[in-house]
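Trainee: Single-letter residue listing:
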Amino acid sequence: MTAAYTSDEMMTVAAARMLRNSAVCFVGIGLPSTAANLARLTHAPDAVLIYESGPIGAKPSVLPLSIGDGNLAETADTVVSTPEIFRYWLQGGRIDVGFLGAAQLDRFANINTTVVGPYKKPKVRLPGAGGAPEISSSAKEVLIIIKQSKRTLVDKLDFITSVGFLNGGDAREKAGLPGKGPVAVITDLCILCPHPETRELEVTTIHPGVDRGMIIGSTGWQIRFASECGVTEPPRAQELQVLRDLKERTAAAHGVQGDAA
Amino acid sequence: MAEWASLSEAVAAHVHDGDTIAMEGFTHLIPFAAGHEIIRQGRRRLSLIRMTPDLIYDQLIGAGCASKLTFSWGGNPGVGSLHRFRDAVENDWPVPLDIEERSHSDLANAYVAGAANLPFAVLRGYKGSDFARVNDKIRSVTCPFTGEVLAATPAVRPDVAVIHAQKADWKGNVLLWGIIGVQKEAVLAAKRAIVTVEERVRTLDAPPNACILPSWVVASVCEVPRGATPSYAHGYYERDNSFYRAWDGISRDRERFSAWLNRHVHKTQDFKEYLSLQNDPKVQAVYQ
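So the protein lines, in turn, are chains S and P.
So the mapping is simple: our numbering equals the position in the first sequence, first residue as 1, plus 33.
So the mapping is simple: our numbering equals the position in the second sequence, first residue as 1, plus 25.
Just chain S, with the same shape it has in the complex (with noise of 0.2 Å):
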């Protein structure tokens, strides 16, 4: 049996479930860190969830709301300092998948959470980079989630911030990344995976009740469609209570449910 959901809780479980149990996976804040803890809470119990601001095996009780919350401290195997983070933990090769947001991406995976407009006089000045560029870089694997529209999902990047497939193809090995970078995007609307030889984006799965024109109405790109285009598998009741339960754990203790950023 299937319960009522939005489209956000699709996006926040399907890219859960894209997080393997033990898999140690470095965490971006907001809808990242939503996932990955829903994945910890169901079928994942063993992920090692690691922030930028040092704790290592984090098990956050309710979302941290911040980066650097006392909470993902007080319950990490261990918290150590941010160089030791960045260059022991994610440039040691130690981590298996990023988890990032991002505020645009092109068709290739690049990500740009730095300006819209010319870098000098910005139409938007957004946050920066933050630890993103390296986690996209060195992570074995990343995975982006993003709610999708035509401000987001963009055909060109006024800049690169963090490097997907760079413009396709070899291009990414050729520059000598050592990860091998995005193995997937979970919008609100579906699912977008590399195409094996050309990078490119393309639609994997559509979550339930979207279609095709939904998702070309929503993407900057003539987005391509794969040749075996499945439906995601809808949220399961358990995966749902337990997300909506630690938004409401998370609301209580903050007021607001987390992953507002």
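It should be emphasised that the hints constitute simulated quantities derived from the structure, not laboratory data.
These figures come from a predicted structure and were not determined experimentally.
Check before you lean on any hint, since a few could be wrong.
[Stated by the list, open to error] Straight-line distance between alpha carbons at most 30 Å, and here's what the computed DSBU-like set of lysine-lysine pairs gives:
1) K152(P) with K156(S)
2) K152(P) with K173(S)
3) K162(P) with K189(S)
4) K153(S) with K93(P)
5) K213(S) with K152(P)
6) K207(S) with K162(P)
7) K307(P) with K154(S)
8) K183(S) with K154(S)
9) K180(S) with K153(S)
10) K152(P) with K207(S)
11) K153(S) with K292(P)
Dock chain P against chain S, hints included.
Mentor: Relative to the frame of chain S, chain P by itself:
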């Protein structure tokens, strides 16, 4: 040896117009009281360094204290934009702000290089990104052993580091714990350091390997209870998330921000008075 001093004495003695300053604390232990005191004393043309500018630098930037910002993530955590930072970058208000933009990994490495008295940091980073296009200090170096090309960036060497910690003993030895960010590196990379602490204690009673900054690497230590609020101090108080949310409204508008700054910083004598306003519902009703 660190000298115990009032925060206003410490800022007057060690923070000068035109200085390069790193006020660190990764979400946790952000030295807000010290930031307010720098604003109160009217410092100008500061070159600010901080991985996450957070509200503390939004306030300094909006107050016109800064001419340059080196940073790696400039948002209001869990809320959205830093409006004073954006207004300075987008509209030069109240004064133009040069920015030097780097990544977290780079700045963390650059603090380590500074602490180790090395001229530059080396890391596997930035490949394929547009950072080097807009920041000519992001360069590369070839490993003499393997031939691998790595990113090379300048070490962070501030004139002054300012941090907040949980405890210091009577000699001025400082103890911090929880999320410790880059504070140790910032202090060791700087020419001089100011540390504010929650409390002054007889002995630290810390286990071996605890994060301790010995008194002789600190210039001034100041007892400022709640000196990191609205961020938090592990073991003392929680993050004031409601203030971070309220800041979005206070800082969005220049006039509202200026009124807030005037009432809460310029017109208060010290952080203690600022805190008393935070608990005054009449003041809060007007400014939040």
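Trainee: If a hint holds in the structure, say so; if it doesn't, say that too.
Mentor: The hints, checked one at a time:
Note on K152(P) and K156(S): the hinted pairing holds, with a Cα-Cα distance of about 25 Å set against a maximum of 30 Å. Taking the CA atoms of K152(P) and K173(S), the gap is about 16 Å. The hint holds against a cut of 30 Å. The straight-line distance between the Cα atoms of K162(P) and K189(S) is roughly 26 Å, inside the 30 Å bound, and the hint therefore holds. Taking the CA atoms of K153(S) and K93(P), the gap is about 14 Å. The hint holds against a cut of 30 Å.
Between the alpha carbons of K213(S) and K152(P) the distance comes to roughly 14 Å, so the proposed pair stays at or under 30 Å and holds. Annotation: proposed proximity of K207(S) to K162(P) holds, straight-line Cα distance about 24 Å (limit 30 Å). Our distance criterion of 30 Å between C-alpha atoms is broken by K307(P) and K154(S), whose separation comes to about 40 Å. Of the supplied pair hints, the one linking K183(S) and K154(S) holds, its CA atoms being roughly 22 Å apart against a limit of 30 Å.
Between K180(S) and K153(S), the direct Cα distance comes to roughly 27 Å. Compliance with the 30 Å bound is thereby established for this hinted pair. Between the alpha carbons of K152(P) and K207(S) the distance comes to roughly 11 Å, so the proposed pair stays at or under 30 Å and holds. Pair hint K153(S) plus K292(P) does not hold up; C-alpha atoms about 36 Å apart against a cutoff of 30 Å.
Checked against the numbered hints above, the structure violates hints 7, 11; every other hint is satisfied.
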